[in-house]
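Make the full structure from the sequences, and use the hints.
Chains as they are written, first to last, in this note's numbering: chain P, 1 to 448; chain R, 1 to 448.
Hint data in this document are derived by calculation from the structure and do not stem from the laboratory.
Misleading hints may appear alongside valid ones.
Repeated chains share a single entry, so a pair holds when one copy, or any two copies, can fit it.
[Stated by the list, open to error] List time: in silico DSSO-like cross-link candidates among lysine-lysine, alpha-carbon distance up to 27 Å:
no. : residue 1 : residue 2
1   : 400       : 140
2   : 400       : 36
3   : 341       : 353
4   : 140       : 116
5   : 121       : 400
6   : 116       : 400
7   : 341       : 400
8   : 21        : 37
9   : 353       : 389
10  : 116       : 37
11  : 266       : 140
Quick caveat: nothing in here was measured; it's all calculated off a predicted structure.
Number of protein chains: 2
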Amino acid sequence: MLVLQSVTMASMERVLTGDVKSHGGSQVLVRGWLHKKRLLGGLNFIVVRDRAGLVQIVLQNEEEVEKLRGMQIGTILSVTGKVVEEPRAPGGAELHEPQVTVEVPVADESPIEIDKPLSHKPENLETLFDNRVVGLRNLKEQAIFKVQAEVKEGMRRYFRANDFMEFNSPKLLPGATEGGAEVFKLDYFGKDATLAQSAQFYKQIMVGVYERVFEINPTYRAEPSATTRHMTEFIHLDVEMGFVELEELMDVAGNMLRSVADDVWKNQEPQLNMWDATKPVVPGTIPRLTMAEIHELYTKATGTSTIGENDLRPDEERWICEHSGKNLGSDAVFVTDWPAKDAKFYHRVNEQKPEFAERFDLIFRGVEISTGSMREHRYDVLMKQLKEKAGGDPEHPGFKYYLQAFKYGMPPHGGFAMGLERVTEKMLGLANVKEATLFPRDINRLAP
Amino acid sequence: MLVLQSVTMASMERVLTGDVKSHGGSQVLVRGWLHKKRLLGGLNFIVVRDRAGLVQIVLQNEEEVEKLRGMQIGTILSVTGKVVEEPRAPGGAELHEPQVTVEVPVADESPIEIDKPLSHKPENLETLFDNRVVGLRNLKEQAIFKVQAEVKEGMRRYFRANDFMEFNSPKLLPGATEGGAEVFKLDYFGKDATLAQSAQFYKQIMVGVYERVFEINPTYRAEPSATTRHMTEFIHLDVEMGFVELEELMDVAGNMLRSVADDVWKNQEPQLNMWDATKPVVPGTIPRLTMAEIHELYTKATGTSTIGENDLRPDEERWICEHSGKNLGSDAVFVTDWPAKDAKFYHRVNEQKPEFAERFDLIFRGVEISTGSMREHRYDVLMKQLKEKAGGDPEHPGFKYYLQAFKYGMPPHGGFAMGLERVTEKMLGLANVKEATLFPRDINRLAP
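Right under this line is the structure:
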């Protein structure tokens with residue numbers, strides 16, 4: 001089956017479906033997956049899919065039609081034919097008088113429809129993910145991950161342009177250091193190891209080396225529950241920069257978000273249209289509100305008092321984004337002035353207002369997509385906070401090397417992190433982060 | 001210490017060391033790490049490091065010299081001064097009449113020299129890695145990872161230009177599927193999980209979706225021994241493409257290597273010079289030799305017979321690269337015609353020569369940097385090979401979904417993989433892959 005059967009075909013170069021129209025009037029060879037089949041007797045046609053998209057092929061010759069009898073969607077075909085303009089066909093042209101070669105036949109009917117939009121209703125998600133391998137061949141599913149690749153490339157483009165070094169930190173660590181029980185443990189040649197739940201320590205260490213750094217890498221959380229927001233494995237953008245203060249750090253996070261949205265809307269329009277996605281409004285300066293201000297606004301608007309609470313409720317996150325979209329000209333909001341008592345040991349406390357940590361959350365289209373903060377950069381203060389807040393042993397190999405960076409000089413610095421899947425989800429208007437994940441992992445799902 | 005003490009300074013914008021020269025005659029503010037200090041009484045000067053490089057500062061005023069007494073390398077400084085051209089200084093200019101502010105003092109002397117090249121002799125590598133956090137502040141160490149970032153970006157640039165989709169596959173898997181015992185196991189909410197030892201199955205699945213795909217992600221091998229070639233965690237480039245045959249696949253791998261070398265030598269010259277790196281010779285078509293041909297050449301040249309062996313010896317790999325460099329105009333060689341009996345179940349057997357698998361190794365500067373092959377794409381043949389070769393259960397969740405891709409149609413396809421660290425090592429002429437790894441992981445090392 002590997003040998004192309006027609007002499008004409010063997011001597012022809014493959015043309016991608018996206019280029020078919022430009023060969024109007026000529027004979028071309030296309031190769032791809034049987035994507036759709038309508039053999040109705042009167043009007044027979046098939047659609048072939050390749051990496052560039054789709055092409056429609058009109059079958060008149062009964063001999064060609066017969067070759068396709070019993071062939072299921074997914075069958076690998078080579079087709080030669082004459083290019084005829086047809087405004088109603090995908091790509092604006094179709095093949096006539098085709099000669100079809102079945103390269104690889106498919107006997108089984110696909111368990112999931114390839115040709116129509118797949119249901120993303122909450123009750124259908126498990127079916128969607130169970131059939132992911134085949135379901136991704138659906139163009140609308142493909143679109144999600146084309147957008148995701150653009151989001152990732154857009155992030156890198158922004159950071160490269162702003163003098164950030166890209167690096168890779170290890171994900172196999174000698175112990176859980178940031179606190180929290182949500183770590184995966186494994187046996188490492190008889191020693192205990194954990195999977196990194198963040199790149200926090202490494203990106204800070206790297207500030208001591210390159211000043212401005214980022215990585216985009218897998219991150220692991222043994223999240224004990226299956227929600228629309230959480231997964232056990234996800235792709236994390238981790239950013240850290242030296243000689244910065246909180247305001248500038250927020251500028252960088254906001255500028256990056258705007259730059260990514262611009263790139264996505266510039267380069268992925270057909271994919272965005274499939275999802276009816278609307279471009280987010282991200283102004284030059286994203287509004288900054290303190291948590292107390294948001295509690296006050298929310299309480300006033302909804303009658304439900306959140307005043308004095310130490311976090312934002314999910315409903316409050318949604319509300320403040322709507323409020324901001326309507327009244328502040330931004331689909332994103334920075335939340336500042338987080339209680340110092342809930343801060344992590346590496347957070348820097350606000351010197352002027354010691355009840356607050358120098359931290360922000362970035363809320364975008366109703367969901368927190370990023371947390372950032374200034375880090376405590378003074379060795380003695382950091383040691384004190386480590387002992388007081390995290391009960392950490394400075395000699396533990398999980399802390400020891402991190403502390404070295406500070407012992408030998410670290411500038412004022414801060415950073416933030418962002419989940420690639422969550423940003424993709426919000427750009428496209430999806431409801432569950434797993435819809436923006438090729439092969440999601442949660443407490444119940446470890447395959448495909 | 002966070003408040004800048006001088007009014008002049010507070011109102012000045014920071015200038016990076018790389019831009020100092022362009023401000024000749026003006027007052028500028030630089031901020032960075034104390035990188036070198038010479039307070040000899042007669043000629044006092046310091047060198048400050050920031051993300052752009054170094055700047056030399058000449059101290060005449062005794063008051064300024066006194067501020068630096070007891071300050072160790074790594075101390076964070078702000079310095080204002082007048083820019084004076086000085087061809088012998090780094091960057092071609094230095095600061096005169098400086099006003100120094102100690103932003104963050106460092107009291108301890110660095111455990112490793114920052115200012116001189118660090119020893120990479122085999123017996124010193126453990127010291128190098130133990131002190132990695134501080135040692136990376138050495139500019140020559142930094143250079144390695146600037147080159148690495150360029151290698152990575154060069155790979156992505158090549159694949160984007162050639163229509164490959166970037167994706168992320170999960171690293172948490174439901175079982176070891178590719179055979180071999182070199183997998184890390186972990187408890188996943190009461191189930192057994194393993195860390196991915198390759199992206200093999202996922203990249204093939206993705207051929208069914210996007211036809212041409214790549215990912216650059218961490219990969220895990222529980223390698224039981226510490227060598228100069230192996231690590232337990234490394235960054236893997238994984239490439240897979242549909243509608244391809246072996247020759248074209250080798251062209252893609254070779255073109256990518258050449259393209260990456262061009263990018264690195266175009267964009268990282270100062271870093272390459274620090275390591276006296278010489279640009280590899282990678283011709284338009286890299287020589288292809290069968291394993292038998294190499295055995296014959298090697299046996300003839302060295303008197304040691306390897307004829308009939310089923311693999312290349314490490315010494316043979318080095319020899320064939322030297323031979324190729326001298327006689328074939330290439331620092332890289334493709335080795336073809338690998339024995340079918342040693343092939344993995346997913347390799348395609350050569351139909352014309354069934355004793356061989358359609359596989360290649362790419363040997364570059366004496367070391368195998370990539371293995372590639374055509375994959376068996378016919379569902380029935382693949383099922384047969386899975387049962388015969390790997391003894392695999394097609395219903396195991398580690399195989400089941402992979403097989404789905406084939407059941408519903410896969411074109412002829414193949415791919416290859418390449419270790420980012422190994423390519424970096426060979427570009428720079430390093431001797432151990434760990435030298436090209438920020439924080440190496442092996443059987444003995446899990447920190448920093």
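Evaluate residue 266 and residue 140 at a C-alpha cut-off of 27 Å and name the case that applies: within, between, both or neither.
This pair counts as within: shortest intra-copy Cα distance 18 Å, inter-copy 39 Å.
Checking an output row: residue 116 and residue 400, CA cutoff 27 Å. Within, between, both or neither?
between (55 Å within a copy, 25 Å between copies)
27 Å Cα threshold - placement of residue 353 relative to residue 341:
within (12 Å within a copy, 71 Å between copies)
When no copy is specified for residue 21 and residue 37, does a C-alpha distance of 27 Å or less occur within a copy, between copies, both, or neither?
Close inside one copy (21 Å), not across copies (68 Å); limit 27 Å.
Within a copy, between copies, both or neither: where do residue 121 and residue 400 come within 27 Å Cα-Cα?
For residue 121 and residue 400, the Cα distance is within 27 Å only across copies (25 Å; inside one copy 48 Å).
Checking an output row: residue 353 and residue 389, CA cutoff 27 Å. Within, between, both or neither?
Answer is within: at 19 Å inside a copy they meet the 27 Å cutoff, but 67 Å across does not.
Intra- versus inter-copy proximity for residue 400 and residue 341 (alpha-carbon distance at most 27 Å)
For residue 341 and residue 400, only the intra-copy Cα distance (24 Å) is at most 27 Å; the inter-copy one is 49 Å.
Reference check for the pair residue 400 and residue 36, CA-CA at most 27 Å: within, between, both, or neither?
between (60 Å within a copy, 25 Å between copies)
My question is about residue 116 and residue 37: at a cut-off of 27 Å on alpha-carbon distance, are they close within one copy, between copies, both, or neither?
Only inside one copy: residue 116 and residue 37 sit 13 Å apart there, 69 Å across copies, limit 27 Å.
Intra- versus inter-copy proximity for residue 140 and residue 400 (alpha-carbon distance at most 27 Å)
Intra 48 Å, inter 24 Å, cutoff 27 Å: inter-copy only.
Should residue 140 paired with residue 116 be assigned to within, between, both, or neither, using CA atoms and 27 Å as the limit?
within (8 Å within a copy, 55 Å between copies)
Of the numbered hints given earlier, the model fails none.
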